[in-house]
Structure formats: structure tokens, C-alpha cells
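Asker: Letter by letter, the chains look like this.
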Amino acid sequence: MKKRTLAVVASGAALALALSACGGGDSTEPSGTAAPAASASAAGATGFNAGLENVVNPSDKKGGVLKMAVTEDWDSVDPGDTYYGMSWNLLRIYARPLVTYNPAPGAKGRELVPDLAESLGVSSDGSKTWTYKLRAGLKYEDGTPITSKDVKYAVLRQLDKTTFVNGPTYFNDWLDLPKDFESVYKTPDVNTDQAIETPDDQTIVFHLNKAYAGFDNFAALPATVPIPQAKDTGIKYRDHVLASGPYKFDKVEPGKQYTLIRNDQWDPATDPIRKALPDSYEITLGVQGDDLDNRIISGDLHVDIAGSGVQPAAIATVQQDPELNARADNPISARTWYVSILNDNPPLDNIECRKAVIYGADRVGLQTAMGGPLAGDIATSLMPPGIGGWKKIETFPLGTGDEAKAKEALTACGQPNGFETTMTFRSDRPREQAVAESMQQALAKVGIKLTLKGFPTSEYFTAYAGKPAYTKANGIGLATNGWGADWNDGFGFLSQIIDSRTIREAGNYNLSVKDPAVDALVDQAFAELDTAKRDAIWGQADAKVMEGAYVLPTVYSKGLLLRGKGVTNQFITGAFDMYDYLALGVE
Amino acid sequence: MTAPLDVSGEETKATPEAVLSGVGGPKAIQGRSLGQIAWMRLKKDKVALTGAGVVIFLVLVAIFAPLIVSWFGHPPNEFHQEMIDTMTMRPKGGSGISGDFLFGVEPQNGRDLFSRVVYGARISLLIAFFATLISVLIGTVMGVVAGYFGGWVDTIISRLMDIFLAFPILVFALALVGVLGQFETQLGVKGDSLRILLLIFVIGFFNWGYIARIIRGQTLSLREREFVDAARSLGARGPYILFREILPNLIAPILIYATLLVPANVLFEAALSFLGVGIQPPTATWGAMLSAATKYYTVPHFMIFPGMAIFITVLAFNLFGDGLRDALDPKSSR
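One line per chain: the protein sequences are A and B, in this order. The first sequence lines up with residues 0 to 586 when you count with numbering that gives the first Met the number 0. The second sequence lines up with residues 0 to 333 when you count with numbering that gives the first Met the number 0.
Keep in mind that a hint or two might mislead.
[As the list claims (entries may be wrong)] Stretches of chain B that chain A covers, calculated by requiring three or more beta carbons in the stretch to come under 8 Å of a beta carbon on chain A: (1) 102–108; (2) 228–241.
[Stated by the list, open to error] Now the in silico label distances, taken between C-beta atoms and shown as ranges: (3) B/Arg-243 <-> A/Asn-416: 34 to 42 Å; (4) A/Glu-419 <-> B/Gly-98: 54 to 62 Å; (5) B/Ser-192 <-> A/Asp-299: 45 to 53 Å; (6) A/Glu-419 <-> B/Glu-81: 42 to 50 Å; (7) B/Pro-74 <-> A/Gly-398: 16 to 24 Å; (8) B/Arg-158 <-> A/Glu-71: 19 to 27 Å; (9) A/Pro-177 <-> B/Ile-162: 40 to 48 Å.
These are calculated hints, taken from the structure and not from any lab test. For glycine and all other residues, C-beta sits at the position ideal for the given N, C-alpha and C.
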């Protein structure tokens, strides 16, 4: 998932491993954290990291106002036009996709459960056809019934990426769409039954252009949230999204606030997964980050929607105050921060020179630059642990930089005295700036001189680092990068960032992995229907990327999250690696 | 022709009075130029002299930054992450201030704050001085031309001044630095030198309005004075009168406003760096350090040292500038 999108996943075993390591009295932790960390594993779920595996402060009490806030506004509340993890998590309070993630702590949160649909998808035709049956008695907030035709319309509608620029393009790429279909607005009369069929108001059948065994992951995308054609106003639909979930929008002021109140047409009998505890939600946008943290500490606000952790200023406060520390969780996410090593410009077109960059880098320094052990574990490859097929790849050492090996590689590359190149980073992200500075310091020791160039996040991929014409003309050799999984498998994480055939004129996230061997493995993974074998292939592809020295992974991301005061049912869902927003209630 | 500075004023009268009263040695009889008088006034102004002293000190610090840092600090961009507590990202022991790190270290990277503040002086002063020079050059030329020639020339230049004065400089500078920064190959310079040149240009080019307006006013009144009339009646022409008769009389206001513009430019550069369009990291500037410090507001020393550096520089220049004005132009009221 691009940019700050935070939807993520990781497999149970690896997560549990990371957690036990965390609770096991790490000697670098301040003394205040040791006791609560230990008690987290005990039955009474309180203390540091209690929310990772337990429901903290469980309750069924209804009522109250849940106050949420975020430092900015996200892309859109329109389910067909959003690509932020926080938004995918939150929108489920007012919208219901066919399938969604089980509201449960930890690894259980990654399980898919039927939402609008009665059951998970039924496949036929070798995983090329997928059928879902809607539950009976579903209604929108205005009392009209929800039909499978609305789901079909919603999926087709968001294929129009000129109108709805945000959001993934999986349905565009995988549905068996007729050639003459452009969009629901431009070609409304084209028969699209070869892609999606609705034999009756309860049934919907998806036809894919190639087999995919994990289609339920697609069905869990917000794109399957029903939208009746009569109510669709295109890009303006975001001003009044028709609720299918337990809450409906009361006030919509983009950039300022949203308030949601109970949707009396929602029938709990049709919805086994939502508790719908609070009477209303107050969502404030554009709150300054430090202010937001302080208000959550004091209890004035309940939830930071972004779910990416507290600001640097609050990290020390939370670390040093035992009471606050007991309210904190430090989940690992399916997100990797890395540095792309671009192989277009010499001498980095030579693999040995790329290896020299990786050998020369101070991996511990890079971890510190990203925010230290609380912000992430040192990464060995692109794919984060917890995604099926992950293996610890020991192609390169993880220490503070190996000058001898770097020099050796430089000699092998024919540049024994080093070389000069340029590194780009996102200037509005202090951590990426620190990464760039750390690289400059470490590589200077082996004779590689870096010039640093910062660009704003909003144009980073469209006009600079993600635009091959620019990087070639300006001799860009290194670029900070980061990627989070759209869902929990190699496809959901790797396909967009290692397949060289996805590289376009601009707006690329894959900046450097251009290897026919990797592409072949991607094709192999797409074609493999057996999950275990498929995972193994993604693992091989991950290893292949490291062999080619196309990327320098920095950290597998972690965030320091703070549980709100007086909030019930708080836990970290493995689906998004932030608090699950479906279950929350107010004391 | 004698320069008007020497023929007009009290000092010509002073000589016969001194002779008549018969006091003082040969020194008392000597004529004193306006410059000398101003210097005497300035010497008595302790506050202004302190300001001047601090300014000289800052300039020396900027010039000898590498030397100072090699004695008392570490290279400004060198990481000292061993000084950082990686769990909190704070310097170990709160600030890391010690004999080794005089101002402590910055959070996260552990770079030596003392070295960065010292090196920051280079950027700040360099940009502020040269930007001031550009403003003063453009402002003086525009002001003198407008004031002396009058008529439609004055109208055009005055409107131009109004436009520049009404310009949202900060917003425009933000855009301009961003846009021009991309034309490295076309401009033939890159990296820090490009950024420094850009900042000098942007800050200098958009600040000439004030000084031009003042110079224009002064020129307007000067050109009607008797000595200009006299020169004109003797056949002197435009350029001669401009450069030999009027400009020497403008030295005082130019000096004063230049001195007062420098601190404004220091602040402007800091603001641009604070907003992230200034010099690129890792090069240290005071504004960028302040900007980084806001994210660690619980680590006060990170903000205090660059903040104090800006404060002291601006205060010193302002005190000196005020003193200079009092000395050169005692009739002006504050």
C-alpha cells in the first residue's frame, strides 16, 4: 500500500516471536517498562503491549461519544476512493464490504470473515470464478434494501481511476472486463456480465482473467462496499456516503471534522461482527501532532486514527512515565522501510558497486535514524516477517558497516577509490532525512560521496524518485522508500515493488528492481494455486532481490501506540497493526 | 569643486571661534569631517559599541569556523549515535553537554550542536550580508534615479516599489526557491552553492523596496538644495551631480538601513530554512536546526542554542544599527 497507508499483516508465529523477545526483559529498556511488560502476558490484560494479544478493558456497555482525531485529513471517506490503512480500518463503522477482517487481537485479526456476504467466497473454474451470497434483510440508512447489483456497481464504479484516483487497481487488473468498457460514467450501457454477474438480488459472481486463490482478499477491499447507482454523485459522493454499517454521517466538513451518529436502519441481526457500542463518533481533523498526543495522554481524545504511533516528542514521555508506558503498545507492522539502489546510472549498474553501498551502510545507525528499536527491527530483506514465505536472508551483515568488504566490492567494481552519486529523500519526513544523512556519513568512510536531495512527499514518486526520466537525467543513485502490505501475502506486499513490468513513465514505487529472474518468479507465484508453494516462491523472489543488491532494507516498521483513557475493547488488529476501530466503546 | 560635506555645516564656523577664544592646542583648530564627528558620537555610545563588538565576533566565528570546531568540537555532520539512548532517541543524560560536547548533542543523530551552531553562523551571515548588498545596490540606484529625475521615471519606479512592498515575499520565496532549485544543470551550480545563491538572490531581490523609498525621499529633498543648484548653474550635468553631489550625502542613510537590514535578512533566512526551503541537509543552518528542534520540544537545549544564536545576532546588529543612526543623523527621531 502506498504512502502512509497502514493496512498490514504478519503471520502469527513470527509476531509471537517478536513479542516474546520484547517482553523478555530486554536490557536496553528503561527499568519502568520491565514490570508491566512481564505482566502483559498474564491473564489481566493491562500494561505495556497488553493490546497485542488481548482485548484490553473488555466491556459491552453502550453509549457515550468516542472522540477520534488525526493530524491531517485522509484521501477520502468514499469507500471507492481511499488507499489509507486507517481509512480502511475506520470506514467499516459506516460501510460494510462483502468480507472483512475479524475484529480480534493479534493474528486472529487477520482472518477473513463474511460481512455483507453469508460466507466467504465459493470458487469454481479453478479459482477463476468466485460467488458470494448476500445476507437477508440488509438496508441502507434510508431504508432501501442492499442488493448484489449495488455491490457490482460499486466495484465497477471505482475502476474509473481518472475520477477516483486513490485506491488500488486490483479489480482493474484481474476482472475479466469487456474490451469496450471504460467506466460506469462513460460507457454505462456496456454489458459487464462477463466480469461480474448478479443472477439475483442476493448473489454476485466475479469472473477473473486469471486464477487467484486468494480472491477473498479482494472481496475485503473497501471497493466492495455497496453503492446504489441512483445515489452515486461521482467524486461528490464523499460528501454524503450512504451508510450500510451501524453509523451514518451527521456532519461532513472535509479538512475539519466528521461526526457520525447511529444508523437506525442497521439491524444487528444481520451483523455478527459489530458491537456498535458508542452512541456517536466525533472525528477531528488537522490536529497538530504533539497536541494530539498530549490530549490522548490526558484523556481529552480517545484515538489517534493514523495508528502509526506517537510523535518523537512523546516517545520519551511514554518511555519514562510508568503509568503511560502501561498504556502503550509497540506492534510490528507488515511495512518495510528501505533504500532503493537505482541501477540505471553508472557505476551503480554494476552489482559490485551496489553491494559496496550495502556493505558500507551502518545498519544500526539506519535503525536509529528511523527511530530506534521502538520504531523497527533491522530488516534483512524487503518482505517483512509474518508474511507467508518470509525467511531471514543473510546475504549481507547487519552491523555498523563493513569497510573491508565494501572496499573489496568497490575494487571488484573497478572503483577502488569510491565514486559520487546523489540520494533523494522525502524532505518533509525527518526520519528519511536522518536515513539519508546516516548513509552519507557511513558511505563517506569507504569513499562513496553522496549528495542529498530532498523533495516533498506529494511529488516524490510522480515527479522525482519515481520518474525514471528524472532519475536518469540527474544521476540519482539512491532513494529512500517504504512499502506496506495491502494484505497478508507475498502478492499483497511484493507484486507492486519488485515486478519490473509495473514500471511506468512516472509514479513508480518500484525504483530499482529490474531483473528478469525476479519477474519470472512473480509470474510463477501468480500461477501457483497452492498457498504453501506460492508463499515459498514469494520467499525466493525476496531472496533474489537481495542477491541482486537492488535494495538496502533499513527496518521492519513498528509503532509506539497509546491506548485511550476510558476506552473499552482496545486491541491491535493484525489486519492493520493499529487499534481495531470496530470494537471500541466508551466507559 | 569641493564636496558639500566639507563646505556646509558647523565645522567651517568652528575654526574662527576656536582661534578667537584661544583655547585648545593645534588639535582643536583642525577641521573635523562629518565622519569624524559621527565616530566621536559613536565612541560614546557604549551599547552600540557592544553591538559592534558582538558583530565583529560573529563574523570572526563565521570565518574561522573550521578552526574553532577543530579545537572545541567535532565535524558538524559527524554522527555520534553512541551518545543517544536509542529507546527514547534523547541524548544520554538529557542533553549530552560535556567538555567534549560544549552545547550537547542533537537527539537521534547525536551531532555536535556546538559545531553546528558555529557552522550555522557562516550560512546565516553569508546570506544576510550578500542579500543586504543586493538590496542596497538595487534600492540605492532605483531610489536615486526616481528621486532625481522625477516625472514619469519616478512614477514607474515608485509603482514598482509599491508592487515589491506589497508582495507576499515569504510565499513567493517559498515557491521560487522550490522551482529554481530544479534547474541545476541550466544554472551551472548545484548543491549548497546553488541554494546559497538562490537564497541571496531571493532575499536580496525582494527587499529593495524599503531602502529605495527612503533614498528616493532623501534625493527629492537634496536635489532642491542650494549646493545642487550651484553645481547646476556652473554647468554640471546629471551623472556628475548624482554621483558627486547627491550620493555622498546619502551615505549615512544607506549605511544605517543596510545595518538594520542585515538582522532582518538573518531572520528571513532562518524562516526559509525553518520552512524547509533553505539550505539542504545535512548542512547546518540555524533555521533548519530550530525546525528540527520543534519535533523534540521536550529536549530544550536543542532549541535554545540555535535560537540564542539568532537572537544574539539580530540584537547585536540592531543595537549597532541604532547607534550608527544616532551618530550619523542625530536630528532624526526614533
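Asker: All hints, please: hold or fail.
Answerer: Here is what the structure says about each hint:
For the stretch 102–108 of chain B, the stated coverage by chain A holds: 3 residues have a C-beta nearer than 8 Å to a C-beta of that chain, and at least 3 were required. Beta-carbon proximity to chain A at under 8 Å applies to 0 residues in the stretch 228–241 of chain B; the threshold of 3 is not reached and the given coverage is violated. One distance hint, 34 to 42 Å for the beta-carbon pair B/Arg-243 and A/Asn-416, is violated here, with the actual separation near 59 Å. A beta carbon spacing of about 37 Å between A/Glu-419 and B/Gly-98 contradicts the range 54 to 62 Å that was offered as a hint.
Between B/Ser-192 and A/Asp-299, the C-beta spacing of about 48 Å keeps the proposed range 45 to 53 Å intact. Range check, A/Glu-419 to B/Glu-81: Cβ separation about 28 Å, and the 42 to 50 Å hint is violated. Against the hinted window of 16 to 24 Å, the Cβ-Cβ separation of B/Pro-74 and A/Gly-398 comes to about 23 Å, which satisfies the hint. For the pair B/Arg-158 and A/Glu-71, the supplied restraint of 19 to 27 Å is violated, since their beta-carbon distance comes to about 41 Å.
Against the hinted window of 40 to 48 Å, the Cβ-Cβ separation of A/Pro-177 and B/Ile-162 comes to about 58 Å, which falls outside the hint.
Of the numbered hints given earlier, the model fails hints 2, 3, 4, 6, 8, 9; all others are met.
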